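Chemist: Residue numbers (the numbering used here), protein chains in the order written: chain A, 5 to 120; chain B, 39 to 148.
Be a bit skeptical, because a hint or two may be false.
[Stated by the list, open to error] Quick list of in silico lysine-lysine cross-link-like pairs, DSS-like style, CA-CA up to 27 Å:
hint, chain 1, residue 1, chain 2, residue 2
1, A, Lys-68, A, Lys-17
2, A, Lys-47, B, Lys-144
3, A, Lys-17, B, Lys-82
4, A, Lys-68, A, Lys-47
5, B, Lys-82, B, Lys-93
6, A, Lys-47, B, Lys-85
7, B, Lys-85, B, Lys-106
8, A, Lys-47, B, Lys-106
9, A, Lys-79, B, Lys-82
10, A, Lys-47, B, Lys-93
11, B, Lys-144, B, Lys-106
12, B, Lys-85, A, Lys-79
13, A, Lys-47, B, Lys-82
14, B, Lys-144, B, Lys-85
15, B, Lys-82, B, Lys-144
[Stated by the list, open to error] Using C-beta positions, here's what the derived DEER-type ranges look like:
hint, chain 1, residue 1, chain 2, residue 2, range
16, A, Gln-7, B, Lys-93, 20 to 26 Å
17, A, Lys-17, B, Val-98, 38 to 44 Å
18, B, Thr-57, A, Asn-58, 34 to 40 Å
Hints are computed from structural coordinates only; laboratory data are not their basis. Please read these numbers as outputs of a predicted model, since none were measured by experiment. The beta-carbon is built from N, C-alpha and C at its ideal position, and this holds for glycine as well.
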Amino acid sequence: QVQLQESGPGLVKPSETLSLSCTVSGDSISGSDWTWIRQTPGKRLEWIGCAFDNGVTEYNPSLKSRVTISVDTSKNQFSLNLRSVTAADTAVYFCARYHQRGFDYWGQGNLVTVSS
Amino acid sequence: QSALTQPASVSGSPGQSITISCSGTRSDVGGYNFVSWFQQYPGKAPKLMIFDVNKRPSGVSDRFSGSKSGSTASLTISGLQAEDEADYFCGSYTSSYSWVFGGGTKLTVL
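If we strip away everything but chain A, and leave its shape as in the complex, we get (with noise of 0.2 Å):
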């Protein structure tokens, strides 16, 4: 069964940087593809981006100047980074695995809250 696991912090503060990591268990991450999905208060879904197994990442077009996706084997992770933070970014992040084009499994989300 895979099983993706989010973690980072809570609270970030304005013009910061939101970083956040998934770690996978069940599937190797270097054999799929992945990506970051978030959920506004109102319940939204905002595609981020995708790192795909052949090295290839694609963002979202609106986020694409503050967004990075990247893998790490060793640990079986991959990680978020979005730059420059306002309060438009508060929203439960998912990270899921991206195969066939369908997003079948997911974290539980972590909920990010920026404020100062």
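Dock chain B against the given chain A, drawing on the hints supplied.
Modeler: Same frame as chain A, now just chain B:
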């Protein structure tokens, strides 16, 4: 890219069938057969119910089915059960090499 359009709420009685629509454009729903549907309970992560417009992941009940016509996709739940009461979201691949989601539909089982 704009979010896909879903009705805010739908309702039905146990045993009935309901359909949730998801409207997009030729740049997303209408241009690709990469439409997914998700079920979400309060405080939980979304669960994949349908992918590639009409395919069900292993373990998902065959009471859930998906379809698409033009730039509008639909999720139909037949034989409605109390446990189906949840939020439902659609998502589609887009011409910007990204994914876009709908605003979500709250299903109430009367």
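Chemist: Evaluate each hint against the coordinates.
Modeler: Each hint, compared with the structure:
{"no.": "1", "hint": "A:Lys-68 to A:Lys-17", "result": "20 Å, holds"}
{"no.": "2", "hint": "A:Lys-47 to B:Lys-144", "result": "11 Å, holds"}
{"no.": "3", "hint": "A:Lys-17 to B:Lys-82", "result": "26 Å, holds"}
{"no.": "4", "hint": "A:Lys-68 to A:Lys-47", "result": "22 Å, holds"}
{"no.": "5", "hint": "B:Lys-82 to B:Lys-93", "result": "23 Å, holds"}
{"no.": "6", "hint": "A:Lys-47 to B:Lys-85", "result": "15 Å, holds"}
{"no.": "7", "hint": "B:Lys-85 to B:Lys-106", "result": "20 Å, holds"}
{"no.": "8", "hint": "A:Lys-47 to B:Lys-106", "result": "24 Å, holds"}
{"no.": "9", "hint": "A:Lys-79 to B:Lys-82", "result": "26 Å, holds"}
{"no.": "10", "hint": "A:Lys-47 to B:Lys-93", "result": "25 Å, holds"}
{"no.": "11", "hint": "B:Lys-144 to B:Lys-106", "result": "20 Å, holds"}
{"no.": "12", "hint": "B:Lys-85 to A:Lys-79", "result": "26 Å, holds"}
{"no.": "13", "hint": "A:Lys-47 to B:Lys-82", "result": "12 Å, holds"}
{"no.": "14", "hint": "B:Lys-144 to B:Lys-85", "result": "15 Å, holds"}
{"no.": "15", "hint": "B:Lys-82 to B:Lys-144", "result": "15 Å, holds"}
{"no.": "16", "hint": "A:Gln-7 to B:Lys-93: 20 to 26 Å", "result": "23 Å, holds"}
{"no.": "17", "hint": "A:Lys-17 to B:Val-98: 38 to 44 Å", "result": "41 Å, holds"}
{"no.": "18", "hint": "B:Thr-57 to A:Asn-58: 34 to 40 Å", "result": "38 Å, holds"}
Of the numbered hints stated above, none is contradicted by the structure.
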